[in-house]
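Q: One line per chain: the protein sequences are A and B, in this order. The first sequence begins at 1 in the numbering used here and counts up by one. The second sequence begins at 164 in the numbering used here and counts up by one.
Be aware that a few hints might be false.
Unchecked claim - Per the computed footprint, the stretches of chain B lying under chain A, defined by three or more beta-carbons under 8 Å from a beta-carbon of chain A, are: (1) 525 to 533; (2) 559 to 569.
Unchecked claim - Using C-beta positions, here's what the derived DEER-type ranges look like: (3) A/145 - B/388: 52 to 60 Å; (4) A/72 - B/388: 13 to 21 Å; (5) B/388 - A/126: 39 to 47 Å; (6) B/513 - A/83: 50 to 58 Å; (7) B/414 - A/126: 14 to 22 Å; (8) B/582 - A/158: 22 to 30 Å.
Calculated directly from the structure, the hints in this document are not laboratory data. No residue lacks a Cβ here, since even glycine has one placed at the ideal position from N, Cα and C.
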Amino acid sequence: MNAQTRSLLALRLAALALMGLGGIILIQTPQIRESAGFSVVGPRVFPIIVGIGCLIFGLLFFLRVTAIPDHVLIADVTGEEQITDWSTTLSLLGILIVYAAVLWPLGYVIATTLFFPLSSRILGSYQLRRDLLIGFLIGLIVYLTFTRLLGVRLPAGILSGLL
Amino acid sequence: MDVFNYLLNGFLNALTPQYLLLAAVGVTIGTAVGVLPGIGPALTVALLLPLTYNFDPTGALIMFAGIYYGGMYGGSTTSILLNTPGESASVATTFEGFAMAKSGRAGAALATAAIGSFVAGTLSTILLTFIAPLLARVALLFQPADYFALTVLAFVSVTALVGSSVVRGMISLFIGLFFGLIGIDILSGQVRLTFGVVELLDGIDVVVVAVGLFAVGEALYVASQLRHQKEEILAVRSSVWMNREEWRRSWPAWLRGAFIGFPLGALPAGGAEIPTFLSYTVEKHLSRHKDEWGKGAIEGVAGPEAANNAAFSGVLVPLLTLGLPTSATAAILLAAFQIYNLQPGPLLFQKSPDLVWTLIASLYIGNVMLLILNLPLIRIWVKILTIPRPLLYSGILVFGTLGVYSMANSFIDVLLMYGIGVIGFFMRRFRIPVGPAILGLILLPLAEAQFRRALAISQGDISVFVTRPLSLSLLLTALIALLIPYLPVLFNLLTGKSSRTGRLVFGRGEED
Chain A
1 MNAQTRSLLA LRLAALALMG LGGIILIQTP QIRESAGFSV VGPRVFPIIV
51 GIGCLIFGLL FFLRVTAIPD HVLIADVTGE EQITDWSTTL SLLGILIVYA
101 AVLWPLGYVI ATTLFFPLSS RILGSYQLRR DLLIGFLIGL IVYLTFTRLL
151 GVRLPAGILS GLL
Chain B
164 MDVFNYLLNG FLNALTPQYL LLAAVGVTIG TAVGVLPGIG PALTVALLLP
214 LTYNFDPTGA LIMFAGIYYG GMYGGSTTSI LLNTPGESAS VATTFEGFAM
264 AKSGRAGAAL ATAAIGSFVA GTLSTILLTF IAPLLARVAL LFQPADYFAL
314 TVLAFVSVTA LVGSSVVRGM ISLFIGLFFG LIGIDILSGQ VRLTFGVVEL
364 LDGIDVVVVA VGLFAVGEAL YVASQLRHQK EEILAVRSSV WMNREEWRRS
414 WPAWLRGAFI GFPLGALPAG GAEIPTFLSY TVEKHLSRHK DEWGKGAIEG
464 VAGPEAANNA AFSGVLVPLL TLGLPTSATA AILLAAFQIY NLQPGPLLFQ
514 KSPDLVWTLI ASLYIGNVML LILNLPLIRI WVKILTIPRP LLYSGILVFG
564 TLGVYSMANS FIDVLLMYGI GVIGFFMRRF RIPVGPAILG LILLPLAEAQ
614 FRRALAISQG DISVFVTRPL SLSLLLTALI ALLIPYLPVL FNLLTGKSSR
664 TGRLVFGRGE ED
């Protein structure tokens with residue numbers, strides 16, 4: 001598959017996803033219970049409007065990438081597809097999810113000390129020691145400011161005896 | 164009491180040390196996020212929302228307003244020195260500003276941007292001072308049907324006028340409306356579209372959506388294009404000041420920019436982006452130095468920079484008097500008001516005059532602070548630009564995650580935010596603007612409540628929206644806004660001419 005085929009496929013899938021969302025909203029709407037008391041317009045009216053809107057604009061978007069193609073858009077997306085670095089994008093997303101998952105068990109300071117240099121490395125920084133130090137400082141300063149000054153709770157994790 | 168007494172009272176409040184400090188903090192943060200690419204006032208205010216729950220509302224709003232217009236000042240620096248707009252309202256500045264910097268006139272460009280922002284910011288704050296109370300009185304006549312029509316106008320004009328495609332604008336709007344529907348319906352207490360997930364009962368917080376779409380979406384997008392980014396920061400060699408000739412050419416552009424920016428900011432049409440492009444076009448048209456355009460014409464910086472600051476005061480008019488946000492940042496400001504149980508609208512001027520007038524007075528003070536921050540201290544901000552991109556985006560991700568996680572220490576919230584970030588990434592890729600989604604999310608409850616109230620009053624008679632003159636004219640205006648971009652096409656159809664003129668584009672719709 002060349003870049004244009006790939007980007008056309010992606011655009012069409014996006015349009016279908018939006019229509020799918022509209023469909024899901026419309027299927028879910030009857031499950032919303034009508035209010036017990038008297039009301040002229042119940043809680044189902046707006047979900048129906050939004051569901052239909054998603055279907056209509058999803059369909060229009062689908063037409064713009066199939067039957068009556070928007071050449072400027074397709075050229076833009078194709079140009080971008082050619083230079084897209086998927087491994088960087090996916091690694092960044094992966095490390096983000098790991099970061100969120102270890103925030104509680106490891107604690108805010110350690111999780112941030114690890115995340116910052118790793119994320120910077122993925123994004124192209126090569127000064128590991130500097131980034132590690134910056135990550136540690138951000139983590140520590142944020143933790144102390146939030147818990148001591150602002151009264152916002154953050155997990156202490158394995159450092160709970162120290163901090 | 165008349166306006167002057169109210170304003171005097173406002174100044175007495177705003178000049179207390181606590182509020183002065185918050186204004187200074189706000190404009191400083193605002194300038195910093197304006198300078199930094201990838202982070203703008205909408206995201207910053209959203210990130211700070213959870214931290215300010217315990218603040219006094221007046222103080223928090225003074226700080227948020229400072230962030231908003233500080234961002235307008237700061238954005239020009241990046242546009243001029245880096246050719247990358249710090250935020251969407253500075254896109255028009257890049258054209259002439261970067262050209263001036265390349266020919267060694269960065270100092271003059273930065274000076275005309277800062278002084279022009281001050282002149283236009285102050286002028287438009289004066290206009291706001293006198294127009295807002297009048298409009299608030301008129302707004303008392305608004306009934307639910309009119310309010311609903313007004314939200315429709317805001318939805319339509321923001322999506323149709325900003326961005327290059329109505330369909331893609333509408334897609335963004337409907338994604339936002341969908342997020343807004345999730346959770347317990349306020350009027351009936353029924354659960355909607357939570358798909359059985361308990362965490363969704365309270366709805367999706369605006370912070371989760373804003374951080375996901377703006378911060379994570381942007382970071383993933385930058386990561387995907389990483390191998391092909393080259394940037395050079397131009398140095399400021401000359402002093403940041405203007406010569407006599409540059410003053411002479413700047414001031415008419417500032418004034419025109421102010422009078423373009425204020426009314427257009429006040430209309431429900433997406434905030435500061437459209438007026439900057441319009442000002443750029445007007446200045447180019449009026450200029451007696453047409454040969455200089457593209458090589459660094461100072462009017463091309465002076466006009467748009469004045470317009471974006473004036474537009475900020477304009478945006479405050481419908482926000483304070485009608486409770487109607489006309490840009491993504493204004494929508495998040497509305498969410499801030501609601502956190503403090505304040506409903507902006509005509510009654511705000513009667514119920515909380517102290518808050519309103521202290522806020523307005525702080526705008527005058529903040530403008531003076533920003534002039535100081537951006538003229539003598541400009542070199543400090545230029546330093547910020549040298550932060551390496553990998554560290555900048557890692558930092559944005561750390562603070563974005565922190566903003567969402569600190570709300571409830573919830574892993575699910577953070578995952579949801581990353582999920583919305585992936586949606587934001589694809590929206591950027593497919594050229595779907597994210598601004599309308601934020602507006603849809605925040606305005607949905609208001610639009611729905613007014614719609615249902617209007618129909619309850621009319622006992623289900625749907626014609627209530629077209630029989631009230633005010634409501635009808637607002638809906639007709641919305642229809643016109645939808646058609647404006649297609650005027651050239653329609654005109655050609657009617658006159659039978661075939662031309663390649665496509666639809667009109669008023670901005671790129673990339674507010675962050």
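Q: Now tell me if each hint is right for this structure.
A: A quick look at each hint next to the structure:
no.: 1; hint: 525 to 533; result: violated (count 0)
no.: 2; hint: 559 to 569; result: holds (count 6)
no.: 3; hint: A/145 - B/388: 52 to 60 Å; result: violated, 34 Å
no.: 4; hint: A/72 - B/388: 13 to 21 Å; result: holds, 19 Å
no.: 5; hint: B/388 - A/126: 39 to 47 Å; result: violated, 19 Å
no.: 6; hint: B/513 - A/83: 50 to 58 Å; result: holds, 56 Å
no.: 7; hint: B/414 - A/126: 14 to 22 Å; result: violated, 48 Å
no.: 8; hint: B/582 - A/158: 22 to 30 Å; result: holds, 28 Å
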